[in-house]
Amino acid sequence: EDQVTQSPEALRLQEGESSSLNCSYTVSGLRGLFWYRQDPGKGPEFLFTLYSAGEEKEKERLKATLTKKESFLHITAPKPEDSATYLCAVQAGQTGANNLFFGTGTRLTVIP
Amino acid sequence: KAGVTQTPRYLIKTRGQQVTLSCSPISGHRSVSWYQQTPGQGLQFLFEYFSETQRNKGNFPGRFSGRQFSNSRSEMNVSTLELGDSALYLCASRNNFGTASSYEQYFGPGTRLTVT
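Chains as they are written, first to last, in this note's numbering: chain C, 1 to 112; chain F, 1 to 116.
Just so you know, these hints were derived from the structure itself, not from any lab. As the structure is a prediction and not an experimental result, all values here were calculated from the model. Among the hints, a few may not be true.
[Said to hold, decoys possible] A few chain F residues facing chain C, derived, Cβ under 7 Å:
{"no.": "1", "residue": "PRO39"}
{"no.": "2", "residue": "LEU43"}
{"no.": "3", "residue": "PHE45"}
{"no.": "4", "residue": "TYR106"}
{"no.": "5", "residue": "PRO109"}
{"no.": "6", "residue": "GLY110"}
[To be verified] As a list, the in silico DSBU-like pairs of lysine-lysine whose alpha-carbon atoms are at most 30 Å apart:
{"no.": "7", "chain 1": "C", "residue 1": "LYS63", "chain 2": "C", "residue 2": "LYS79"}
{"no.": "8", "chain 1": "F", "residue 1": "LYS13", "chain 2": "F", "residue 2": "LYS57"}
{"no.": "9", "chain 1": "C", "residue 1": "LYS79", "chain 2": "C", "residue 2": "LYS69"}
{"no.": "10", "chain 1": "C", "residue 1": "LYS79", "chain 2": "C", "residue 2": "LYS42"}
{"no.": "11", "chain 1": "C", "residue 1": "LYS68", "chain 2": "F", "residue 2": "LYS57"}
{"no.": "12", "chain 1": "C", "residue 1": "LYS59", "chain 2": "C", "residue 2": "LYS69"}
{"no.": "13", "chain 1": "C", "residue 1": "LYS57", "chain 2": "C", "residue 2": "LYS79"}
{"no.": "14", "chain 1": "F", "residue 1": "LYS13", "chain 2": "C", "residue 2": "LYS69"}
{"no.": "15", "chain 1": "C", "residue 1": "LYS69", "chain 2": "F", "residue 2": "LYS57"}
{"no.": "16", "chain 1": "C", "residue 1": "LYS42", "chain 2": "F", "residue 2": "LYS13"}
{"no.": "17", "chain 1": "C", "residue 1": "LYS79", "chain 2": "C", "residue 2": "LYS59"}
{"no.": "18", "chain 1": "C", "residue 1": "LYS42", "chain 2": "C", "residue 2": "LYS57"}
All C-beta atoms, glycine included, are put in the ideal place defined by N, C-alpha and C.
All chains should be built: construct the whole structure from the sequences, respecting the hints.
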């Protein structure tokens with residue numbers, strides 16, 4: 001059965017304290033792995049797409065990497081405005097059709 | 001370019017009623033997907049529409065239905081509401097269907113449905 005697991009559930013960091021969020025997955029026929037950021041009361045905001053093992057993407061203080069079993073979202077020198085829930089999702093299966101599985105997210109709090 | 005819009009933003013209904021939610025995708029996007037988000041289950045896929053046809057469906061009962069219009073706008077309907085239907089309902093659009101690069105989806109702000 002397709003599964004996406006994110007850890008930790010919650011993470012508190014001091015401003016400037018770098019860390020990583022993990023997303024492990026077991027799916028058949030991975031077609032893409034996505035990272036989203038979600039602020040309270042809002043819809044998820046698209047961050048990155050990764051398609052193959054070894055791929056990396058960067059945006060400001062965020063860097064996403066992908067292996068055959070998991071993805072990491074590295075946060076370098078975070079700021080309080082990085083506080084949000086970070087969601088990982090995988091697209092698998094039938095070509096073209098949306099079949100997106102989401103993890104339950106990591107709630108990140110950055111303390112000034 | 002305007003983002004995905006959803007109306008209404010908040011809704012309170014009682015058990016047994018039905019509800020219709022609306023979603024307007026990003027201009028030029030022809031695929032619309034619906035998701036349910038709850039604290040316990042997280043984000044779960046409901047269904048996807050492309051060119052007015054349902055292309056894929058998640059594991060939800062038949063009380064949940066949708067449709068898409070020729071201008072790509074979509075509606076979702078839930079009949080015979082239950083307390084467990086209380087959730088944030090999110091709509092997402094993407095600009096194509098059938099190619100790897102088109103899997104990136106952009107979400108609206110959601111409709112918060114409360115069933116009492």
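Evaluation of the provided hints:
| no. | hint | in the structure |
| --- | --- | --- |
| 1 | PRO39 | violated, 9 Å |
| 2 | LEU43 | holds, 4 Å |
| 3 | PHE45 | holds, 6 Å |
| 4 | TYR106 | holds, 6 Å |
| 5 | PRO109 | holds, 5 Å |
| 6 | GLY110 | holds, 5 Å |
| 7 | C:LYS63 - C:LYS79 | holds, 15 Å |
| 8 | F:LYS13 - F:LYS57 | holds, 25 Å |
| 9 | C:LYS79 - C:LYS69 | holds, 29 Å |
| 10 | C:LYS79 - C:LYS42 | holds, 20 Å |
| 11 | C:LYS68 - F:LYS57 | holds, 27 Å |
| 12 | C:LYS59 - C:LYS69 | holds, 23 Å |
| 13 | C:LYS57 - C:LYS79 | holds, 20 Å |
| 14 | F:LYS13 - C:LYS69 | violated, 42 Å |
| 15 | C:LYS69 - F:LYS57 | holds, 26 Å |
| 16 | C:LYS42 - F:LYS13 | holds, 21 Å |
| 17 | C:LYS79 - C:LYS59 | holds, 14 Å |
| 18 | C:LYS42 - C:LYS57 | holds, 24 Å |
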